[in-house]
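Work out the full structure, taking the sequences as your base and the hints as a guide.
Residue numbers (the working numbering), protein chains in the order written: chain A, 1 to 288; chain B, 1 to 395; chain C, 1 to 374.
Certain hints may be false.
[Said to hold, decoys possible] Covered stretches of chain B (in silico footprint by chain C; criterion: 3 or more residues with CB under 8 Å from a CB of chain C, positions within the stretch not fixed):
no.: 1; region: 180–191
no.: 2; region: 210–218
[Stated by the list, open to error] Some chain A residues well away from chain C (every beta-carbon gap over 12 Å; in silico):
no.: 3; residue: 69
no.: 4; residue: 90
no.: 5; residue: 147
no.: 6; residue: 163
no.: 7; residue: 178
no.: 8; residue: 182
no.: 9; residue: 216
no.: 10; residue: 270
no.: 11; residue: 275
no.: 12; residue: 279
These aren't lab readings, by the way, just hints derived from the structure by calculation. All of these numbers come straight from a predicted model, not from anything done at the bench. Positions of the beta carbon are idealized from the N, C-alpha and C atoms, including for glycine.
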Amino acid sequence: MRVLIQSTASGILIGGVYALVGIGLTIIYGVMRVINFAHGELLMIGMYLTWIIFTSFGVDPFLSIAITIPAMFLFGAFLQRVLINRVLNALPQNQILLTIGLGLVLSNVVMLIYTSDYKIITTRYSSSTINLAGLPISTPLAISLLITTVITAILYFFLLKTDTGQAIRATAQDRDAAQLMGINVKRMSVLAFGIGTALAGTAGALVSPTYYIFPQVGGAFTLKAFVIVVLGGMGSVIGATLGGIIIGVTESLAAVYVSSGMKEVFVYVLFLLVLLFKPAGLLGRSRM
Amino acid sequence: MRSTAEIARCARSASLSVAALAASLAFPGWVAAETLKIGVINSVTGPEAPIGENLTNGIKLAEEDLAKSGTKVELVWEDDTGKPQIAMSAMEKLATRDGVAGVVGPYTSASANAVAKLAQRYQVPLLVPAAAKEEITRQGYQWVYRLNAPANVYAQVLLDAVTEVGKPKTIAFIYENTDFGTSTADAGKKYAEKKGIKIVADEPYSKGSPDYRSTLTKVKSLNPELVFMVSYVVDAILLMRQAREVGLKPQAFLGGGAGFTTAQFASDKAISGNVLTSTQWADDVKWPGASDFAKRYLSKFGKEPTYHAACAYASMMIMADTAAKQGGDRKKIRNALASGSWKGIMGDVKFEAYDGYTNQNKHPMLVLQIQNGNFAAVYPPDFATKKPVYPFPGW
Amino acid sequence: MKTFGRIPLTASGFAALPLLIVAAVVAALFVFPWLVASPYLLHLMILLFLSVAMGESWNVIGGYCGQYSVGHAAYFGVGAYAALMLLQYKHIAPWWGVWVAIAAALIISLLIGTICFRLRGPYFVLASIAVAEIIRLVVLNWKQLANGAEGILLVDIPPLMLGGKLVTDWLSKTPFYYLGLILALATLLVNYLVQHSKLGYYLQAIREDQDAAHSLGINLSFYKNVALAISALFTALSGVFYGLYIGFIDPTSVLGVDLSVQMVLICIIGGIGTNFGPVVGALVLVPLSEALRANLLSKFLFSTGVVQETSRVGGFLKENLAHAHVLIYGILVVVVILFMPDGVLGFGKKLIARRARPLSATPTPLVGGLDGSA
Numbered sequence: 001m002r003v004l005i006q007s008t009a010s011g012i013l014i015g016g017v018y019a020l021v022g023i024g025l026t027i028i029y030g031v032m033r034v035i036n037f038a039h040g041e042l043l044m045i046g047m048y049l050t051w052i053i054f055t056s057f058g059v060d061p062f063l064s065i066a067i068t069i070p071a072m073f074l075f076g077a078f079l080q081r082v083l084i085n086r087v088l089n090a091l092p093q094n095q096i097l098l099t100i101g102l103g104l105v106l107s108n109v110v111m112l113i114y115t116s117d118y119k120i121i122t123t124r125y126s127s128s129t130i131n132l133a134g135l136p137i138s139t140p141l142a143i144s145l146l147i148t149t150v151i152t153a154i155l156y157f158f159l160l161k162t163d164t165g166q167a168i169r170a171t172a173q174d175r176d177a178a179q180l181m182g183i184n185v186k187r188m189s190v191l192a193f194g195i196g197t198a199l200a201g202t203a204g205a206l207v208s209p210t211y212y213i214f215p216q217v218g219g220a221f222t223l224k225a226f227v228i229v230v231l232g233g234m235g236s237v238i239g240a241t242l243g244g245i246i247i248g249v250t251e252s253l254a255a256v257y258v259s260s261g262m263k264e265v266f267v268y269v270l271f272l273l274v275l276l277f278k279p280a281g282l283l284g285r286s287r288m
Numbered sequence: 001m002r003s004t005a006e007i008a009r010c011a012r013s014a015s016l017s018v019a020a021l022a023a024s025l026a027f028p029g030w031v032a033a034e035t036l037k038i039g040v041i042n043s044v045t046g047p048e049a050p051i052g053e054n055l056t057n058g059i060k061l062a063e064e065d066l067a068k069s070g071t072k073v074e075l076v077w078e079d080d081t082g083k084p085q086i087a088m089s090a091m092e093k094l095a096t097r098d099g100v101a102g103v104v105g106p107y108t109s110a111s112a113n114a115v116a117k118l119a120q121r122y123q124v125p126l127l128v129p130a131a132a133k134e135e136i137t138r139q140g141y142q143w144v145y146r147l148n149a150p151a152n153v154y155a156q157v158l159l160d161a162v163t164e165v166g167k168p169k170t171i172a173f174i175y176e177n178t179d180f181g182t183s184t185a186d187a188g189k190k191y192a193e194k195k196g197i198k199i200v201a202d203e204p205y206s207k208g209s210p211d212y213r214s215t216l217t218k219v220k221s222l223n224p225e226l227v228f229m230v231s232y233v234v235d236a237i238l239l240m241r242q243a244r245e246v247g248l249k250p251q252a253f254l255g256g257g258a259g260f261t262t263a264q265f266a267s268d269k270a271i272s273g274n275v276l277t278s279t280q281w282a283d284d285v286k287w288p289g290a291s292d293f294a295k296r297y298l299s300k301f302g303k304e305p306t307y308h309a310a311c312a313y314a315s316m317m318i319m320a321d322t323a324a325k326q327g328g329d330r331k332k333i334r335n336a337l338a339s340g341s342w343k344g345i346m347g348d349v350k351f352e353a354y355d356g357y358t359n360q361n362k363h364p365m366l367v368l369q370i371q372n373g374n375f376a377a378v379y380p381p382d383f384a385t386k387k388p389v390y391p392f393p394g395w
Numbered sequence: 001m002k003t004f005g006r007i008p009l010t011a012s013g014f015a016a017l018p019l020l021i022v023a024a025v026v027a028a029l030f031v032f033p034w035l036v037a038s039p040y041l042l043h044l045m046i047l048l049f050l051s052v053a054m055g056e057s058w059n060v061i062g063g064y065c066g067q068y069s070v071g072h073a074a075y076f077g078v079g080a081y082a083a084l085m086l087l088q089y090k091h092i093a094p095w096w097g098v099w100v101a102i103a104a105a106l107i108i109s110l111l112i113g114t115i116c117f118r119l120r121g122p123y124f125v126l127a128s129i130a131v132a133e134i135i136r137l138v139v140l141n142w143k144q145l146a147n148g149a150e151g152i153l154l155v156d157i158p159p160l161m162l163g164g165k166l167v168t169d170w171l172s173k174t175p176f177y178y179l180g181l182i183l184a185l186a187t188l189l190v191n192y193l194v195q196h197s198k199l200g201y202y203l204q205a206i207r208e209d210q211d212a213a214h215s216l217g218i219n220l221s222f223y224k225n226v227a228l229a230i231s232a233l234f235t236a237l238s239g240v241f242y243g244l245y246i247g248f249i250d251p252t253s254v255l256g257v258d259l260s261v262q263m264v265l266i267c268i269i270g271g272i273g274t275n276f277g278p279v280v281g282a283l284v285l286v287p288l289s290e291a292l293r294a295n296l297l298s299k300f301l302f303s304t305g306v307v308q309e310t311s312r313v314g315g316f317l318k319e320n321l322a323h324a325h326v327l328i329y330g331i332l333v334v335v336v337i338l339f340m341p342d343g344v345l346g347f348g349k350k351l352i353a354r355r356a357r358p359l360s361a362t363p364t365p366l367v368g369g370l371d372g373s374a
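Listed below in structure tokens is the structure:
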């Protein structure tokens, strides 16, 4: 029983990180209908940024989020303007290929600069735990779950209550109608991609004290991010959050009760089942 | 702005080099001179690169020493990027295009096994410095030699060490899902059974996962007295960190070489304390020149050598020396390797046939324990410098 | 005299010159190993043929039918594993094993088709990746099935009776060269046949507008599955060839997502949906990657004096250019998608067509065939 509780707990913790990645992806898809295959690489860039700040200036990874979020936002906006914007009206297959190419370029440029050596961030609390009702909970993961919750709350508030947020949602709901209403949809796309990138980079920053950093780290996260987004419903922030937690717990339980090597198989099988039987996901589309 | 003369010169040399390039592609060896060449296949890039670097540095030190002693060799370096297929291409190039007298390497078990087959086919002497997979020298290949002790010794010496100081009855295996991890763990499982230790968990994991907590929780619930892990550096660190989080507390953590023997792992004192690991070499062992080698390595490269560096150094010294004495003739080199014996920083080296192995050096392995961020040899008694701390005192 | 741009056409509409060129090239390729002894060059050609075969096979489902599968490694790997496992464990010669490989690939393609073809566009892409990953993970973890991470190492290939000649020497590259050449030509032929058949029309209709095609009475899932089956068959053959040639396979090398992406890249960069597109793509990618890996490019730059070997740029290039080939692929893909969506081949055709159009005072209307469309 203890094992069940403990692995569910770890699943929820890691699920929080997955959720943040998924939310970013779902916003990008919701607003621009672009399937961003470079999402994992954006996470990777966030990780390297965190590492650079940590090793050059000694700033704690969680604190450096204050720098990572705006930096990644600007990077995402830049990518959107220069690259993604040009394929907004192209075939979805071409969009996918463009983002695949972008992902390759990002991961390989980083590899050239930093080599494929694995980097590890070691902080005072990297292996410490908090005791919660007799269960050891990883401190860095707990902090990251906290931060994720805060960020999600802020994001939700932004989308629901502010004018820009509502404009983004309107664009996601119906791009043409939004444009007719006077919303600058081009700007919304830039914003959406910027926010998505910032979230991915932040997820990378949050997970960096507990994981290791290498150029190809993005690959594993991209596919999982898609699973989460489809599970939750393309375009739904709450859906992505739920999806992240569900995938985290599924993985965790599969690792315990089947085998660590096969845990991803369960995630992918779940993915296929959702695609086949409930492609709109848990919470449907375009409801942010 | 370049003058027209310079541009003309550039163009001429450009066309000449294109011609030379084409010629060297079409007629291998035409442009090369007749020096004694030894090939090196190593993981210079790719996930095994951090350890591969140790082999590179060890061989570089060997190059220096060979030059000092007047042995003229030219090394042809090939990067297998950690992939067996690329190692095979590299071997083909070395054997057919570069005409090397012999090859040292590769590093990883998977690459070494793949290349061994080619060495046998092309009849090129191959000296494997540090790969653990037993099969490499169990296929009766007359052209393949291995300096380091194979996987079964990794496990054997570790289990012998702990059964010397305690009576553990159960063991759990956590290992990466690769050639190296699987073959070392398999050897460990066989030996554990022989020693009457019950295997309570068998958990292969896909490396690159951020989260091993569930696996470790599961293992913890089975209460193993020994936990045997086979991983490269970063997984070793992650596993131990998360083991600490989860509160896994066996009587001993046993690390099967590779990641557990690196300085990077040891320096993370919060998690590396009292981990036992088996190794092919330590800098304080009483083999001739061992501590000097360590000092030289440290001053030249700024970090301490792992056993891989020592293995690579010794292998290159043996191969180059033999090749030079035999005038670069592959058959003669093979015969010399089969019958010769050497003494160096790896102790006594002699390639023998025993227990189904051919051309295998009966290298004794050591057990090190990380005490306070430093490696100390604790077993076998002939080589021990400190007493082992057993059982594991906790986090 | 009818012309296509500047290319003369015979009375029946066949472009005689390109056909002659193709025939000459093929003949030259057949004679090549007699003239060139370097195993290294032969090795490069073999890699080229393999890439062409992989690209052309993918083209059938991706280019003509418009279903971008990024999980084609599943067929490649299944083919390779089937043939090699039979050879290594049951000592069944690969000449028989190849049929099993094909059968296995066809079964898998039917399964995947049934599951995935209900999904549109990007969802299909994701599903294809997921399926390939599931297969890879199963093979990796189920050790009793296929030796897991340790892979399968071939020890010996049995002799083959090839047109009256007994081939026993699998050490040299020549038999592989010819096998590879035949495989590449076969895939080219299949592509051509598909393109100019009724099947091809149906596939292209499905690609252009699935719903319209459906409303015209085209059985979507049947034709998609046929396209996938053809594609899977030849991808599996490529896998068998790879396994025999390299002699070692493991889940990462033959079932990995990187391989799937590479197959797509060959096609996209060359020119998707065209007969020779994948050939162009292979021609761009294979020599480029080998030139980078073997440091030929850096050596070239140094010897011409463009870059000093000892300078910082030179040092950087020397260390890193060898590993940059994937980066170059990525850049190529981005460039191609943004500026040359018809691939290098399509771009080339447009250039030729533009130059062939006669200059006149009045603008020439775009007549069908002159604007470079296939």
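Do the hints match the structure? See the list:
no. : hint    : in the structure
1   : 180–191 : holds (count 3)
2   : 210–218 : violated (count 0)
3   : 69      : holds (26 Å)
4   : 90      : violated (7 Å)
5   : 147     : holds (29 Å)
6   : 163     : holds (31 Å)
7   : 178     : holds (22 Å)
8   : 182     : holds (30 Å)
9   : 216     : violated (9 Å)
10  : 270     : violated (10 Å)
11  : 275     : violated (6 Å)
12  : 279     : violated (7 Å)
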